[in-house]
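J.: Using the sequences provided together with the hints, build the complete structure.
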Amino acid sequence: MGSFIQLSNFPKIAPYAQLFWEGLLVTVLLSLFTVAIGFCIALVLALMRLSSFMPFKFLNQDANGNMKEGGGAIGFISRFNPLSFIATAYVEVLRSTPVLVQIFIIYYGVFSVVDLPTFSLFGFIKFNRFFPGVVALGMNSGAYLCEIIRAGIQSIDGGQTEAARSLGLSQVQNMRYIILPQALKNILPAIANEFVVIIKESAITYTIGVQDLMSAVNAVRGATFIIVEPLLVATAIYFCLCFPTSKAIAYFERRMSHGDKR
Amino acid sequence: MATNGSLIRVKDLKKHYNGGAIKALDGITVDINKGDVMVVIGPSGSGKSTFLRSLNRLESPTSGSIIFDGVDITKRKYKDENGKTVRVDIDDLRQKMGMVFQHFNLFPHMTILENMTLAPMKVKGVSRSDAEQKALALLDRVGLKDRAGAYPIQLSGGQKQRVAIVRALAMEPQVMLFDEPTSALDPEMVGEVLDVMKELARDGMTMVCVTHEMGFAREVGNRVLFMADGQLLEQGTPEEIFTNPKNPRLKDFLGKVL
Numbered sequence: 001m002g003s004f005i006q007l008s009n010f011p012k013i014a015p016y017a018q019l020f021w022e023g024l025l026v027t028v029l030l031s032l033f034t035v036a037i038g039f040c041i042a043l044v045l046a047l048m049r050l051s052s053f054m055p056f057k058f059l060n061q062d063a064n065g066n067m068k069e070g071g072g073a074i075g076f077i078s079r080f081n082p083l084s085f086i087a088t089a090y091v092e093v094l095r096s097t098p099v100l101v102q103i104f105i106i107y108y109g110v111f112s113v114v115d116l117p118t119f120s121l122f123g124f125i126k127f128n129r130f131f132p133g134v135v136a137l138g139m140n141s142g143a144y145l146c147e148i149i150r151a152g153i154q155s156i157d158g159g160q161t162e163a164a165r166s167l168g169l170s171q172v173q174n175m176r177y178i179i180l181p182q183a184l185k186n187i188l189p190a191i192a193n194e195f196v197v198i199i200k201e202s203a204i205t206y207t208i209g210v211q212d213l214m215s216a217v218n219a220v221r222g223a224t225f226i227i228v229e230p231l232l233v234a235t236a237i238y239f240c241l242c243f244p245t246s247k248a249i250a251y252f253e254r255r256m257s258h259g260d261k262r
Numbered sequence: 263m264a265t266n267g268s269l270i271r272v273k274d275l276k277k278h279y280n281g282g283a284i285k286a287l288d289g290i291t292v293d294i295n296k297g298d299v300m301v302v303i304g305p306s307g308s309g310k311s312t313f314l315r316s317l318n319r320l321e322s323p324t325s326g327s328i329i330f331d332g333v334d335i336t337k338r339k340y341k342d343e344n345g346k347t348v349r350v351d352i353d354d355l356r357q358k359m360g361m362v363f364q365h366f367n368l369f370p371h372m373t374i375l376e377n378m379t380l381a382p383m384k385v386k387g388v389s390r391s392d393a394e395q396k397a398l399a400l401l402d403r404v405g406l407k408d409r410a411g412a413y414p415i416q417l418s419g420g421q422k423q424r425v426a427i428v429r430a431l432a433m434e435p436q437v438m439l440f441d442e443p444t445s446a447l448d449p450e451m452v453g454e455v456l457d458v459m460k461e462l463a464r465d466g467m468t469m470v471c472v473t474h475e476m477g478f479a480r481e482v483g484n485r486v487l488f489m490a491d492g493q494l495l496e497q498g499t500p501e502e503i504f505t506n507p508k509n510p511r512l513k514d515f516l517g518k519v520l
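In the order they appear, the protein sequences are chains A and B.
Residue 2 in the numbering used here is what sits at position 2 of the first sequence, and the numbering runs on without skipping anything.
So the numbering used here is basically just the index in the second sequence, starting at one, shifted up by 262.
These are calculated hints, taken from the structure and not from any lab test.
Treat each hint with caution, since some may be false.
Unchecked claim - Just some of the chain A residues that point at chain B, by a computed CB distance under 8 Å:
no.	residue
1	Gln160
2	Arg165
3	Ser166
4	Leu169
5	Ser170
6	Gln173
Every residue gets a Cβ at the ideal spot worked out from N, C-alpha and C, and that includes glycine.
T.: So this is what it looks like as structure tokens:
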């Protein structure tokens, strides 16, 4: 068998450099879109979880429209918040099932019913593979980002809300002008970290035929019967993507915490 | 003493926790008149802050009523003089009450000027130029006009509290509520904040002030309330309270703080 890595194999896979380059672009684009979609989903979910929407509260109100304490089963129903319940259920289900299963359900389930146009972006990204991949990964990372955003919102001192509401700002204005700008600034490093996680996790989308870095490895293997060396090339590329990014995040995190002492 | 009608009427206000096991407020009845400088004193845990925070419904009372501007703000809806049911717009009422907190609660991501113009612009719909002009005039009054572009983090505690006061004033409130405004300050900064409050009182602003500054209560207040265990035990002019206290709890309290 000889040695585990054969240097002579690298020249043999060199002609496929274009595949790796395209795979790299797909991986980066996939991750960017995933974070963008995940963030939007997460923001909505976080606001749903923190909402105080109680459609059945009329069941347990006094004559003045104030909520009463306790009240057994009726009290429980009256405090039931369907928005929060749905968001919590979504987060728990998505976090407690494998990403691979979610991707298969989205690709083979949802997008076997929904017909996607078959065109290519930039000439090499197949939209009908790329899009389901982005949706599945975005939905998954939305669940994780939701918890990050929720923690970010809850970390803002309650005095901020009190001050804003005392000035006459509504609940929505308080969220928009006071809480979210501060919360998002605080969680920016966490969101960037999620981006690094997704770069790595996106490798799984090769299973539904997204032509990312991992599928470039597969293509080279199919053509040359060489497996270890292409994998090493992919490993190096993933590392060069993730390591500097996480170092940069750590750097900005340190710098931001300097200017933030209150 | 100003007797031109009461601005806020508090009647039998109660705030209970754990189904009545803890009584933070246990039946407070008091009228706050226009032009009053009412100082609330009492030992910690006596319900002073809860009382003050109930006045703009940062705390929801368990029972009782607070009539402000003809509206019972403890209710979600009320019947007006024609018997029509109206929803209480708490945001609308809150902008008529300025609130100053112990920990300033300035918005750290905004400059001083932005802190002061946000609510007038977004809530009252004042134009940016008008709001900024007014804010700068107010900052000038408290000697901080040159710090308009600074962020709260760059200010000392006393400066922050002065900004917090003028931020509330920018909304042109009918009454100012102060929740221990000097308790978080270094001793040498207490004076500059009290000076601003004194000037405000001289200008005729109605003020309700929870404080431990007995000198301020005596000098500026026209009415002093003494609270303990969620109850209003004694009230009167500063003269009556400080030189001729009747309630034994008040005597005991004054013996400790004076």
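J.: Compare the structure with each hint and give your call.
T.: Hint by hint, here is what the structure shows:
1. Gln160: Because about 6 Å separates glutamine 160(A) from the closest Cβ in chain B, which is inside the 8 Å limit, the hint holds.
2. Arg165: 6 Å, holds
3. Ser166: Result: holds, 4 Å to nearest chain B Cβ.
4. Leu169: Holds. Min distance 6 Å.
5. Ser170: 5 Å, holds
6. Gln173: 6 Å, holds
Hint violations for this structure: none, all hints satisfied.
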